[in-house]
Amino acid sequence: MSDKLLEIKDLKTSFRIKDDYYAAVDNVHLTVNKNEVLAIVGESGCGKSALAFSVMGLHNRAKIEGNIYFKDQDIANLPPNKLNKLRGKDMGMIFQDPLTALNPLMIIGDQIGEALLLHNSELSKTQRKERVIELLNKVGIPRPEHVYEQFPHELSGGMRQRVVIAIAIANDPELLIADEPTTALDVTIQSQILDLINELKEDMDAGIILITHDLGVVAEMADRVAVMYAGQIVEVADVHTLFNEPLHPYTRSLFDSVPNKAEAKSKLHVIQGIVPSLQNLPREGCRFAPRIPWIDESVHEEHPSLHEVAPGHFVRCTCYKHFEFPGESSEEEEQHGVSRS
Amino acid sequence: MAFLEVEDLKVHFPIKGGIFGRTIDHVRAVDGVSLSLEKGKTYGLVGESGSGKTTTGRAIIGLEKATAGTVTFDGQDITNLKNKSDVRKDVQMIFQDPYSSLNPKKRVLDIVSEPLRNYENLTKKEERIRVQELMELVGLSPESILKYPHEFSGGQRQRIGIARAVALKPKLIIADEPVSALDVSVQAQVLNFMQDIQEELDLTYLFIGHDLGVIKHMCDNIGIMYRGRYVEEGSTEEIFTNPQHIYTKRLVAAIPDIDPKNREAQRQFRQEVKTEYEQSFNDYFDEEGLAYQLQPVTETHRVALPEKG
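Residue numbers (full-length UniProt numbering), protein chains in the order written: chain H, 1 to 341; chain R, 1 to 309.
Next comes chain H alone, as it looks inside the complex (with noise of 0.2 Å):
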């Protein structure tokens, strides 16, 4: 697992918001390998599709500094002419929802054809249909030519989203991020979904990027996993260590929030506070810490930065070292006397 497909070194991809830059991805350093799934976890409002916007190159106005390397190509702020023949070919992307996702207008065999159009010009009308049907198939469609011929909402949401992934594989891309592919569908057709992407994987020795807030996804696709918190990544470790040994303050408050692992009827843990908004991020120290405030100020590091713990495991800022949930016994909290408010 050492073929570096994408690298992310520094990536930091600023807003404008009344002429100021206000930056929604801050600091990132990434790699994905390939025949890999690494998955991009945390909450709504963290970047972490705004993360994936800008690898594949799809924000508008934002300023992308930074360098993105992929296949040791700089395609950060490359022209869209010269990422158009990226985009499609090499990187292909799996939207959220698949019914945007889609042009109402055109039918299925369409869509998909038009990636195959765009990329691979040589195939004749003929070849590019049994592609698409080839295609169609791959993705568990059934009656393929039937569905060729249908336009988007004579589909249900798991047919639209293989749909999606139809495109997205269309040119048997290198690299593949899928933005929240299951969110909006139900629990059956999510596991078809989620087994469909894992075929895909090893079949195309691909390289994928997952992102979700769906730690139960996680559990069942990611080899590693990069948990996010305001614009900055706070953990990266591989999927086992980072579900038995979760060391960030942020990436454990996360785990005790879901109910799956909790005793029936028992209190959840809830994290304090709301995840700030862009303007009102905290530039200075660690972006956690408001939300933690009963852990001293001094166990925070003036400017967080990564630390190896463990071969391929990193925590940013050092309070995770002094972290307990309250009531959990600890010297720290009855040294200082913080209560929870």
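It should be emphasised that the hints constitute simulated quantities derived from the structure, not laboratory data. Given the structure is predicted, the values throughout are model-derived calculations rather than measurements. Virtual Cβ for every residue (Gly too), placed ideally from N, Cα, C. Check each hint, because a few of them may be wrong.
[Unchecked claim] Below, computed lysine-lysine pairings styled on DSBU-like, alpha-carbon distance capped at 35 Å:
# : chain 1 : residue 1 : chain 2 : residue 2
1 : H       : 267       : R       : 82
2 : H       : 82        : H       : 12
3 : R       : 147       : H       : 63
4 : H       : 201       : R       : 261
5 : R       : 39        : H       : 267
6 : R       : 171       : R       : 105
7 : R       : 274       : H       : 89
[Claimed, not checked] Listed next, the stretches of chain H that the computed footprint assigns to chain R, with coverage defined by at least 3 CB atoms under 8 Å from CB atoms of chain R:
# : region
8 : 240-253
9 : 270-278
Got chain H; can you put chain R on it based on the hints?
Just chain R, lined up with the frame of chain H:
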């Protein structure tokens, strides 16, 4: 008699067609649902989208006209009541999407006091005090009553929706996917809070949802719907540890396991259940692909299987 008793509830929507727009067929959105709910308990209604769970909830509260069947609430028949006002006071609803269920042009004060204005003759001052109390109850600052919905986060909005629902001290709350639109940590907040006020106000919940993790966490009893009918009903324990119907098994198997160690085993198990589902579909469903009548397994556990013999 149980606190809420629904018997053989049917909601059919007409399909119009032909030149004269006559009714040519019906969509059987809810097709013979019976459930009973004890006071102070939480009952989970589970199903995939389109299974009729929301329509069932809406028919109970009277937002949808029941085609057949009866709904008895606290000993009173409330099916298709003409004068709904008495029941409306005791039965309230929490809606799924906190972004669209609050009027963006209204202040929180007006949103939360609307039910009060409908049912109680309060002076402006009394009304304000009541709303402030409610805001405190749901953990929002009493000063925020003059704000508009967009000034709140998703979880806070959902709590405003809850404040509105509990304003008249209802006895039964129908919660239609109250946390589906929320992030996990906010979801935890709302779920905790719903449990707190359940104790405080002695509330009964009908909890509609599709996330089995949440349902398992919240509910005492669970009913599973498929295409307008029940396929299985039982206590949370029975449904999760001893599912009898293949559809329930499949739903339970589809829940992602939170431990990556079990990944392979889970995937294999899911595959087996899927194969079983495909092979034995005809044993569990009738010719139209609908569920059979419920047969008792234990006192609380019922499953839709063909009658023996």
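Taking the hints in turn, this is what the structure says about them:
no. : hint          : result
1   : H:267 / R:82  : violated (41 Å)
2   : H:82 / H:12   : holds (21 Å)
3   : R:147 / H:63  : holds (33 Å)
4   : H:201 / R:261 : holds (19 Å)
5   : R:39 / H:267  : holds (21 Å)
6   : R:171 / R:105 : holds (29 Å)
7   : R:274 / H:89  : holds (34 Å)
8   : 240-253       : holds (count 3)
9   : 270-278       : holds (count 4)
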